[in-house]
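Colleague: Listed below, chain by chain, are the residues.
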Amino acid sequence: MADTPEAIKKSVKTYLFVGGILFLGTIITVLVATVPALDIGRHGFDAMDCILGLAIATFKASLVAYIFMHLNHEKKAVYWLFGSGLVMVCSLAFLTALAIFDPIYDVFFYSGK
Amino acid sequence: MEIPYLVTPRKDTGLFNSKIAIWLFLASEVMLFGGFFSAYVFLRLGADYPWPERTLPVLPGLINTFVLIGSSVTVVFAWASLKLRNWRNFQIYMGITVFCAVVFMVFKGIEYNVKFHHQAVRLKDYTVIEGHLGYEKEGEQYVLDHKGNRVEENLIFIEASKLTFNTVRFHKPWVDELLGQAEHRKAKIVLAEDVSAVTEEGKAPTVIAKAGELFSNDLLGRIQKEHLAARSHNGQERTDALRAEWVKAKADNPGKKGWQIASTVNIDAAALAPKLLTEISTVSFNVEPATKFEFKPRDIKEADGQSRLRDDTVVDGKLLASPMVFHHVDAIDFQHLAMKAEAKGLDPMQAIENSWLIQNSPFAKAAWTWHKGEVAKLEKKLLDGYGLGDDKKPRRVPTHKEMYRIGWKDLGAKAESEGGVKLSWMDKTKEEFLGPNYDARGEATFPGFSVPREQVGFAAKFTPAWNTYYALYFTMTGLHGLHVIGGALVLAYYLFFGRKMYLENPEWLANRVEIGGLFWHFVDLVWIFVFPIFYLM
Chain A
1 MADTPEAIKK
11 SVKTYLFVGG
21 ILFLGTIITV
31 LVATVPALDI
41 GRHGFDAMDC
51 ILGLAIATFK
61 ASLVAYIFMH
71 LNHEKKAVYW
81 LFGSGLVMVC
91 SLAFLTALAI
101 FDPIYDVFFY
111 SGK
Chain B
114 MEIPYLVTPR
124 KDTGLFNSKI
134 AIWLFLASEV
144 MLFGGFFSAY
154 VFLRLGADYP
164 WPERTLPVLP
174 GLINTFVLIG
184 SSVTVVFAWA
194 SLKLRNWRNF
204 QIYMGITVFC
214 AVVFMVFKGI
224 EYNVKFHHQA
234 VRLKDYTVIE
244 GHLGYEKEGE
254 QYVLDHKGNR
264 VEENLIFIEA
274 SKLTFNTVRF
284 HKPWVDELLG
294 QAEHRKAKIV
304 LAEDVSAVTE
314 EGKAPTVIAK
324 AGELFSNDLL
334 GRIQKEHLAA
344 RSHNGQERTD
354 ALRAEWVKAK
364 ADNPGKKGWQ
374 IASTVNIDAA
384 ALAPKLLTEI
394 STVSFNVEPA
404 TKFEFKPRDI
414 KEADGQSRLR
424 DDTVVDGKLL
434 ASPMVFHHVD
444 AIDFQHLAMK
454 AEAKGLDPMQ
464 AIENSWLIQN
474 SPFAKAAWTW
484 HKGEVAKLEK
494 KLLDGYGLGD
504 DKKPRRVPTH
514 KEMYRIGWKD
524 LGAKAESEGG
534 VKLSWMDKTK
544 EEFLGPNYDA
554 RGEATFPGFS
564 VPREQVGFAA
574 KFTPAWNTYY
584 ALYFTMTGLH
594 GLHVIGGALV
604 LAYYLFFGRK
614 MYLENPEWLA
624 NRVEIGGLFW
634 HFVDLVWIFV
644 FPIFYLM
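Same order as they appear, the protein sequences are chains A and B.
Per the numbering used here: the first sequence = residues 1 to 113.
Per the numbering used here: the second sequence = residues 114 to 650.
No lab work stands behind these hints, which were simulated from the structure alone.
Computed from a predicted model, the values in this text were never measured in an experiment.
Beta carbons are placed, not taken as given, at the ideal position from N, Cα and C, and that holds for glycine.
There may be inaccurate statements among the hints.
List of simulated lysine to any residue pairs, SDA-like, C-alpha gap at most 20 Å [stated by the list, open to error]:
#, chain 1, residue 1, chain 2, residue 2
1, B, Lys514, A, Ala47
2, A, Lys9, B, Gly183
3, B, Lys514, A, Gly44
4, B, Lys494, A, Arg42
5, B, Lys490, A, Gly44
6, A, Lys76, B, Ile628
7, B, Lys522, B, Ala557
8, A, Lys13, B, Ile209
9, A, Lys75, B, Asp289
10, A, Lys76, B, Ser131
11, A, Lys76, B, Lys574
12, A, Lys75, B, Glu620
13, A, Lys76, B, Pro122
14, A, Lys75, B, Ser131
15, B, Lys574, B, Glu166
16, A, Lys76, B, Ile133
17, A, Lys75, B, Gly183
18, B, Lys493, A, Gly41
Restraint-style ranges between C-beta atoms, simulated for each label pair [as the list claims (entries may be wrong)]:
#, chain 1, residue 1, chain 2, residue 2, range
19, B, Glu492, A, Phe101, 34 to 40 Å
20, A, Leu54, B, Met218, 24 to 30 Å
21, A, Ala37, B, Lys535, 45 to 51 Å
22, A, Val87, B, Phe212, 32 to 38 Å
23, A, Ala37, B, Gly591, 21 to 27 Å
Please take these sequences and the hints and turn them into a complete structure.
Modeller: What follows is the structure, encoded as structure tokens:
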């Protein structure tokens, strides 16, 4: 971690730069969502917009975690803690997604046809 | 006693203790919000109604995103200032961070307030009307209820002649409310007939309450007490009788399993009857004379003749006209109707033309006609701009929402195109935050409309009750808002009470600010996903 005064002064510039990228990423997301000429994929909201919007959001979130939260130079214990949280979330999302196979949506399930 | 590892790191983890603690906490927070995002995906994919895409005002959401990103930068600057032992700069940056939190919550409060005062009703044919309900007036004066409050024009009115209460479930505040309304209208509620019951085993029935006794919570409480005592006594008697029967059956059928003799085990009801006390599950009161009572729609299932409150109170009486009166309609949404029509294989346009609203509201009919023209223009524009695909179909077509929803901006544009009020850009910007400006745009843009009660399928403000989208929106943004408030309080504590610690051990304060900052960044990180998912998708 940047602990010496010199290193901290240097990282201040990085923080500003990252802040700028976060603003820019937000503006791009909003423009793509609201200006028809910049809309990708079909007209209106569709899978392409979803992928792009979430990709930009993930990139922004990664920058916040990596630079602002100092995950770029943390101790191993932090990676284990935060990583385990992420793994649990992904598992949860996966298990939730399995609901698509839930037979309750199958109209023939109860009739046995 | 000195607490170890507040400033210096532990050898095993390489971290000071509070840092381990905050990362553990953040890991649990990731799972909490991750769970909600999973719920969002699940509910959106399984929604049986048109999901409200891009329905929230983007501008306030965008400003709030900028505010949070800005505060993330300033909080890390505040930490860096402490590391460089610059107290003045720390104060400035932390001050800005806390100010940003306040701005964020103010915008959020405005956004919530608009939702809480915006009404929606889904008609029985799935047409949705949105707008603002009015208050009852007589001439220029507002009608006041017995509490002195204005009466919103979304109440169920019943000329009640009889009230029957469930003696276990009756809801005391509603009893008080009924009493208040009766008193306000100078009516009396009295017990319809004597309530008599066997209250002691083997004795004759005694009168617990006499016919004509005035209705009150105390009276209901008295009857309830007798009822519960009788129910408890009778339950015990039945259990004892059944137990005795089982003992006898086991003795008569040695070696047999319980399931083999179960059908022969029966309580002798005639023998038991004299031992039982009287249970008084309901009690009826007459309203003298029959009087108009008002009920909130969410509290009652209304019907002409007999209606039922959620606490099982039965209201006998004539259902009076109880329309929902919109003083301003600001959106007409046929998306759900079109979805239902498509599911049945019907032409959605024809279904809309035949809808109750189009048949009964000249304004809605005119708006729909105008809207169809606008959709045709958009279709042409998209065709001109993007042409036909390989399948000879237009590459881009209007969305479901563009085709079937007439929003407040559309109604504003319609009125402007017809020579109506044109707002300045300043007023239009204000509308982005506060919703449609009825006063400025007037009746011509947002006219009033009365929806007969029998046409109302479901009605709610834009609260979690309206649909799963708003339920999740309020849950997630509300939880996030609580995090903003909590984080801001901690950071404000360092700002206003951190000086002493700074002078004693500046590194300790720097570590604390780093911990608070980590939480603050996480709050920003969550919003980075909340904003596009709820406001843009």
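Colleague: Compare the structure with each hint and give your call.
Modeller: Verification of the supplied hints:
| no. | hint | verdict |
| --- | --- | --- |
| 1 | Lys514(B) to Ala47(A) | holds (16 Å) |
| 2 | Lys9(A) to Gly183(B) | holds (19 Å) |
| 3 | Lys514(B) to Gly44(A) | holds (9 Å) |
| 4 | Lys494(B) to Arg42(A) | holds (14 Å) |
| 5 | Lys490(B) to Gly44(A) | holds (16 Å) |
| 6 | Lys76(A) to Ile628(B) | holds (17 Å) |
| 7 | Lys522(B) to Ala557(B) | holds (14 Å) |
| 8 | Lys13(A) to Ile209(B) | holds (18 Å) |
| 9 | Lys75(A) to Asp289(B) | violated (62 Å) |
| 10 | Lys76(A) to Ser131(B) | holds (16 Å) |
| 11 | Lys76(A) to Lys574(B) | violated (49 Å) |
| 12 | Lys75(A) to Glu620(B) | holds (19 Å) |
| 13 | Lys76(A) to Pro122(B) | holds (13 Å) |
| 14 | Lys75(A) to Ser131(B) | holds (14 Å) |
| 15 | Lys574(B) to Glu166(B) | holds (18 Å) |
| 16 | Lys76(A) to Ile133(B) | holds (11 Å) |
| 17 | Lys75(A) to Gly183(B) | violated (27 Å) |
| 18 | Lys493(B) to Gly41(A) | holds (18 Å) |
| 19 | Glu492(B) to Phe101(A): 34 to 40 Å | holds (38 Å) |
| 20 | Leu54(A) to Met218(B): 24 to 30 Å | holds (26 Å) |
| 21 | Ala37(A) to Lys535(B): 45 to 51 Å | violated (25 Å) |
| 22 | Val87(A) to Phe212(B): 32 to 38 Å | holds (37 Å) |
| 23 | Ala37(A) to Gly591(B): 21 to 27 Å | violated (36 Å) |
Of the numbered hints stated above, those contradicted by the structure are hints 9, 11, 17, 21 and 23, listed in ascending order.
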